[in-house]
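K.L.:
Chain by chain, the residues:
2 protein chains.
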Amino acid sequence: MSRNKLVVQKYGGSSLSSTNNISKIAEKIISKTNQGYMVVVVVSAMGDSTDNLISLASEVNSNANTITREMDILLSTGELVSSTLMTLSLISKGKNAVSLSGTQAGIMTNSVHGSARISDINTNRIQKELSENSVVVVAGFQGLNDLGDVTTLGRGGSDTTAVALAVALNAERCEIYTDVEGIFTTDPRISNNARKLDKISFEEMLEMASLGAKMNPRSIELGLVYNMPLYVASSFSSTDGTLIYRSSNMEIRKAVTGIAVDKNVAKITIKGVTDQPGIAADLLKPLSDAGISIDVIVQNTSSDGTTDFTYTVSESNLDRAVNLMNSLDQINYKEIESGKDLAKLSIVGTGMENSPGYAAKMFSVLSSLNVNIDMITTSEIRITTIINKNDIKKSVTALHDAFELEKP
Amino acid sequence: MSRNKLVVQKYGGSSLSSTNNISKIAEKIISKTNQGYMVVVVVSAMGDSTDNLISLASEVNSNANTITREMDILLSTGELVSSTLMTLSLISKGKNAVSLSGTQAGIMTNSVHGSARISDINTNRIQKELSENSVVVVAGFQGLNDLGDVTTLGRGGSDTTAVALAVALNAERCEIYTDVEGIFTTDPRISNNARKLDKISFEEMLEMASLGAKMNPRSIELGLVYNMPLYVASSFSSTDGTLIYRSSNMEIRKAVTGIAVDKNVAKITIKGVTDQPGIAADLLKPLSDAGISIDVIVQNTSSDGTTDFTYTVSESNLDRAVNLMNSLDQINYKEIESGKDLAKLSIVGTGMENSPGYAAKMFSVLSSLNVNIDMITTSEIRITTIINKNDIKKSVTALHDAFELEKP
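From first to last, the protein sequence lines are chains A and B. The working numbering puts the first sequence at residues 1 to 408. The working numbering puts the second sequence at residues 1 to 408.
Hints were generated in silico from the structure; no laboratory data involved. Remember, predicted model here, so these are calculated numbers, not experimental data. Certain hints may be false.
The list makes no distinction among identical chains, and a pair is therefore deemed to hold if it is satisfied within one copy or across any two copies.
Below, computed lysine to aspartate or glutamate pairings styled on EDC-like, alpha-carbon distance capped at 20 Å [claimed, not checked]:
#1 K95 x E59
#2 K128 x D146
#3 K32 x E132
#4 K271 x D304
#5 K407 x D120
#6 K28 x E59
#7 K263 x E315
#8 K199 x D262
#9 K95 x E335
#10 K24 x E59
The following block holds chain A by itself, in its conformation from the complex (with noise of 0.2 Å):
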């Protein structure tokens, strides 16, 4: 199916946190333009608005956070004035332009607020403004669900309605404009050898997404579904970003394609658990409702009936974590031990797979740095590691060589 010269692009709140790079922004919108193409442009909020907003929410209402339906609509403002003020700058740049509320835009989501799920797309509305020679700006984030009320997207909203527009208008690519300019082999700023990649597959991108540019695993896995090329470049640099493609060809594939880091784990273990039918679940649901996110898991076997349950959070919800453990009182354990301090270190490629030379190799390189290995967890295209927070740096650097990530 041939595409229609159509591009939709996103740009985040840090690109558009003054009237002034909105202004930048509109010429960068209008240079695509000129190029023959139609542009649906997708914004989020203005740098700070949304933090501002919730400011406010709270000192009306200390658990304004909860009352999820209010909390969706003003935080939706943010994007309508970030849309109207874009299309106001392309306008005094004598570029037709209107902008669209993911109302008007027919975005359609179920009725989660705060963290809704798009259900259907109707883009009429969009059609005729685009046959009307109008660049459309759709306020990011948000839609509307069925009892006419509106919803929010949840983290990388903004992201999630850009793939979703260029999905239901069929266009060439979805390109995301943000503050950094591209995916890298790894953290920038962690290893001086990390080397901007001109493609990466979508499966590689979903285990890296932590990698530099902050993408959301929901607006890749759209892409990967649909197979809608996205492509993550800077704002207001001009050098070319990264294309994220469905990979044809399984055979060429670089083995080991990055290195992902996050440094902000803590983990927490639950020792001497008996080893029965749902106490994984028993364990993980109070932090699940409170709404608190878990990342690794790792059980270890168990010969004595107990079993070690190991889990990890982000640092800011361990003390919380920990008290929720304490209170479980259904629950037989030996005691509860948490660490923090930690970092989360993965290699990922699509090459590796069934190729368990590349972990053995991962280890050797650890071991020889005398880095100490916490936990580990592989998927079928991505090894991961929970080391000390300190050994990041020498690790990263001394992987980035060992698989020649700086080579193209």
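Given the coordinates of chain A, work out where chain B should sit on it, guided by the hints.
P.N.:
Just chain B, lined up with the frame of chain A:
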């Protein structure tokens, strides 16, 4: 027809200038529900937030005020913010509450962006929320047109929203809370004898619209036409306000109810205009095209085939209006004169109808003070003079005494 035990309360921006004020207003709303009333609240945008949005818009587009579709979406966000914050505050105080945008409140308008007129109200959603025992907080000033675009109702728009909703919901009355304590016999800043009125008829209020309570004539007209009693009072004081009502007994009315003053007046006289049909329209059209409001218009009868044509504008528009007059090239006239530092002084009262004695008394009081009267116009229940701004204070004081307005 008996009315529902329901009131619509409207709170203006100065009453919502901080989250602290929003909390105080929430208490006031709850005290009304504790009297057994269903309450629908209409809010304006917080304090200066509308000005801030206009300023952002002008930074990206110097002609932003002419791009009314985008400005309407932008400005409508101010009321969305205040309505959700009010709702969050009510909930934090234990009261069921829900915010509705103008769209959700079913307020349909025509498509004149920036000054749309309400065409219809579908109250289904409000009724549903009221039946679930919620306070319904409606974002004022806004509606939806047939294209699915947000519109705003122009100056005084939130008052209009409130009165229209009160009519549609068959409310007992519509309460307008503001930064003054009610309607006074004259401006309390000008005369110490100014007395707050317990009651005033719609007709009188229409003439006195500039008196103390900055109420928009549109909402008063709506109240008059649909016989919806309006109550104007202070947001933060518990003293009684003023009821604006449909006068039923024409005989027992007081002759003069109040004295209205507008100190922002300038005049333009076009002398020696050829007196022919259509000349007034030709003179005024350029002003209308430039969005300059004119107020008092006086045209003297003529005997020599020419006439002097005088009208007033606000002082801030004087220079622009004079320039427009000087560029009239298809109209014959002798000269253009202009004057500023003028004021409009009116006595208002339904009881004055057809009684020339009131005009005579007014002119004789002004004459005894050596106040020169520049222009005179009258309506059935109002006599208006244009005088020197410096003469206002003594004129108001003397007229207030002469018509015994200090007496209830």
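K.L.:
Each hint should be assessed against the structure and marked as holding or not.
P.N.:
Structure-based check of all given hints:
no., hint, verdict
1, K95 x E59, "between (41 Å within a copy, 17 Å between copies)"
2, K128 x D146, "between (23 Å within a copy, 15 Å between copies)"
3, K32 x E132, "within (17 Å within a copy, 51 Å between copies)"
4, K271 x D304, "within (12 Å within a copy, 110 Å between copies)"
5, K407 x D120, "neither (43 Å within a copy, 67 Å between copies)"
6, K28 x E59, "between (38 Å within a copy, 18 Å between copies)"
7, K263 x E315, "within (9 Å within a copy, 64 Å between copies)"
8, K199 x D262, "neither (22 Å within a copy, 69 Å between copies)"
9, K95 x E335, "neither (66 Å within a copy, 44 Å between copies)"
10, K24 x E59, "between (35 Å within a copy, 13 Å between copies)"
Taken one by one, the earlier hints fail for this structure at numbers 5, 8 and 9, listed in ascending order.
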